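S.K.: Mind docking chain B on chain A? Use the hints.
Here's the letter readout for the chains.
Protein chains: 2
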Amino acid sequence: MTRAFTRTSVRLADGRELHYFDERPVAIRRPSDGRHLSPVPMRSEVRVDPLSGEPVIIAAHRQERTHRPAAEDCPLCPSRPGRATEVPARAYDVVSFENRFPAFADPGRCEVVCFTDDHAASFVDLSVERARLIIEAWAERTATLSGDAGIEQVFVFENRGEAIGVTLHHPHGQIYGFPFVAPRTAVMLETARTHRATTGRDLFADILDAERRDERVVTAAEHWTAFVPGAARWPVEVHLFPHRAVPDLAALDDGERDELATIYLDLLRRFELFHAGEHPMPYVAAWHQAPVRTGRDLVRLHLQLLSIQRGPDRLKYLAGSEAAMGAFLNDLVPEETARRLRDA
Amino acid sequence: MTRAFTRTSVRLADGRELHYFDERPVAIRRPSDGRHLSPVPMRSEVRVDPLSGEPVIIAAHRQERTHRPAAEDCPLCPSRPGRATEVPARAYDVVSFENRFPAFADPGRCEVVCFTDDHAASFVDLSVERARLIIEAWAERTATLSGDAGIEQVFVFENRGEAIGVTLHHPHGQIYGFPFVAPRTAVMLETARTHRATTGRDLFADILDAERRDERVVTAAEHWTAFVPGAARWPVEVHLFPHRAVPDLAALDDGERDELATIYLDLLRRFELFHAGEHPMPYVAAWHQAPVRTGRDLVRLHLQLLSIQRGPDRLKYLAGSEAAMGAFLNDLVPEETARRLRDA
Chain A
1 MTRAFTRTSV
11 RLADGRELHY
21 FDERPVAIRR
31 PSDGRHLSPV
41 PMRSEVRVDP
51 LSGEPVIIAA
61 HRQERTHRPA
71 AEDCPLCPSR
81 PGRATEVPAR
91 AYDVVSFENR
101 FPAFADPGRC
111 EVVCFTDDHA
121 ASFVDLSVER
131 ARLIIEAWAE
141 RTATLSGDAG
151 IEQVFVFENR
161 GEAIGVTLHH
171 PHGQIYGFPF
181 VAPRTAVMLE
191 TARTHRATTG
201 RDLFADILDA
211 ERRDERVVTA
221 AEHWTAFVPG
231 AARWPVEVHL
241 FPHRAVPDLA
251 ALDDGERDEL
261 ATIYLDLLRR
271 FELFHAGEHP
281 MPYVAAWHQA
291 PVRTGRDLVR
301 LHLQLLSIQR
311 GPDRLKYLAG
321 SEAAMGAFLN
331 DLVPEETARR
341 LRDA
Chain B
1 MTRAFTRTSV
11 RLADGRELHY
21 FDERPVAIRR
31 PSDGRHLSPV
41 PMRSEVRVDP
51 LSGEPVIIAA
61 HRQERTHRPA
71 AEDCPLCPSR
81 PGRATEVPAR
91 AYDVVSFENR
101 FPAFADPGRC
111 EVVCFTDDHA
121 ASFVDLSVER
131 ARLIIEAWAE
141 RTATLSGDAG
151 IEQVFVFENR
161 GEAIGVTLHH
171 PHGQIYGFPF
181 VAPRTAVMLE
191 TARTHRATTG
201 RDLFADILDA
211 ERRDERVVTA
221 AEHWTAFVPG
231 AARWPVEVHL
241 FPHRAVPDLA
251 ALDDGERDEL
261 ATIYLDLLRR
271 FELFHAGEHP
281 MPYVAAWHQA
291 PVRTGRDLVR
301 LHLQLLSIQR
311 GPDRLKYLAG
321 SEAAMGAFLN
331 DLVPEETARR
341 LRDA
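Sequences listed follow chains A and B, in order. Okay, so the first sequence: first residue is 1 according to the numbering used here, each after it adds one. Okay, so the second sequence: first residue is 1 according to the numbering used here, each after it adds one.
Honestly, the hints are just simulated from the structure, not real lab data. One or more hints might be untrue.
Taking CB as the label site, the calculated pair distances span [unchecked claim]:
1) A:D73 <-> B:A121: 40 to 46 Å
2) A:T198 <-> B:D118: 52 to 58 Å
3) A:T219 <-> B:A143: 38 to 44 Å
4) A:R43 <-> B:R11: 53 to 59 Å
Quick caveat: nothing in here was measured; it's all calculated off a predicted structure. Ideal Cβ positions, reconstructed from N, Cα and C, are used throughout, including at glycine.
For reference, chain A alone in the conformation it holds in the complex:
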């Protein structure tokens, strides 16, 4: 697989950064955006919940963000004559740019990653080469944002489907540079630290070893293993672990990145077929990465791919038990989910 690609960085009209990732080894990109755009006033702050010590982001300005625009008004499509979008180019492969309506910024950072300029595509339809380029973009953005003094953790993710509230249909993901260690990661870090202190071993290695011997493996290859976790919280949930202890996407070597492109597309296809493929499957693809400044030898990079679609026409909702108490109820048995994903 070729790994030649080009990154070109430009500034949008209101000063935001945009990065083109092109499959070609050389790409000529216009240096700037011709629009007249005023910066969006930001009103965002991180508050701490005194009952838990956990951060919560209050982001008032976002009520005005673009909400389900018509396809011809899509801000993520390439620009065309008479219609300037967020991407000042007639075509593109992959772009990552600062969100015009970020949940937070300074400290922190919110980027949008467009996976293709084809409005009607989905990640699952992309070529292996394109998936490989997206991985390269994720890794580059992770490395760069990790160098920002205000960022404590880089979170790479895709929300897909109206059922989970996606308001822009153009195939895209997001990257959050959190100005804190996310609550879930803080718990993992503490669990891994306790596990090391009591057993001398690596928590993620032990989980991977146990799952590889169990009946919940969905697919495995040289560098990666995907399994349904035994205590899955979500109706359809897969964890994809690298075999090597790496803290984040930036630490993956070329062989791991190549294989990831193939195995990730394979997992998305299995998700798509899970409910007999009747409609696009809503999902969250969340890359858990180690914090930037702490626990990098304790938290291993892994993907959590989850869906709230518990049946062809039924969603899992978070109600009292989950929303208020953090006590998850899963109506699907993980071993059965794994079998169905293997057979998909």
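M.R.: Quick look at chain B alone, frame taken from chain A:
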């Protein structure tokens, strides 16, 4: 306010318990259910997520539970000739019974609490006397279930609205007797323990003192104060704290229960009017209670009333940041939410 009420306990045809709570001081209730019902096979287990140490309930049998039945098939309505429901009576005030499709049982317990026999009502429409009787029922069930050897925490809640997945429209809530301390409570307990160790003070008293001096109080009375928490996770969220340090609903005295009936209905009305009252407001009303066997002097009873309705036609969805990372983004500013609730 009269507090005379009668509790009558019967067994349903498959052996489940049902308790009538009647507003009259004497009530004659048929001792049993005339239906032929086989017990529903249970396939439920509590598993532990090794990444967090948190329990997850796997409840496979529930995929078959009753899903949005037509009003004439409502299992929570009173029985009528030719149509036997879950409640073997022609009329009732309040009933609590074991769920035929429990998420878990033995250890643990799931009860359904019907607030009225009027299918078309909502809690917000009930009289103060009925609200007072429901509080009595909640307190009684909390006390009784706390005596069960397999139950570590009693969770009293109402999920309201299709937007959060409610499948039965008859006005009802639920009670879970968790066979563990819920993850959220475990975090609160640890936070309160650390707070006491470092300051010598009570965490909940300190939060209440701070909030009563702040601009986020929605309503207050002699025994209770309701406020929007400064770090609210949900678009519309109110916490209702008793002024006295009590671990659970069973520990409330008569004066506190009387006032609660009034203030709770007042809060529900404010929720209903929040988005100009255009349609029923979906909400979760969650009673946080101390665990049965630990931390009873550390965790104070309080209500968390939350809604995912962030605008008249917009819902808050839990996507990647919340679902995978536990990092909540709230688009509404708590001080503004409090002002709107005060003015409602």
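S.K.: With reference to the structure, classify each hint as holding or not holding.
M.R.: Verification of the hints:
1. A:D73 <-> B:A121: 40 to 46 Å: For D73 of chain A and A121 of chain B the Cβ distance comes to about 43 Å; the hint holds.
2. A:T198 <-> B:D118: 52 to 58 Å: holds (56 Å)
3. A:T219 <-> B:A143: 38 to 44 Å: violated (51 Å)
4. A:R43 <-> B:R11: 53 to 59 Å: holds (58 Å)
When held up to the earlier numbered hints, the structure conflicts with hint 3 and nothing else.
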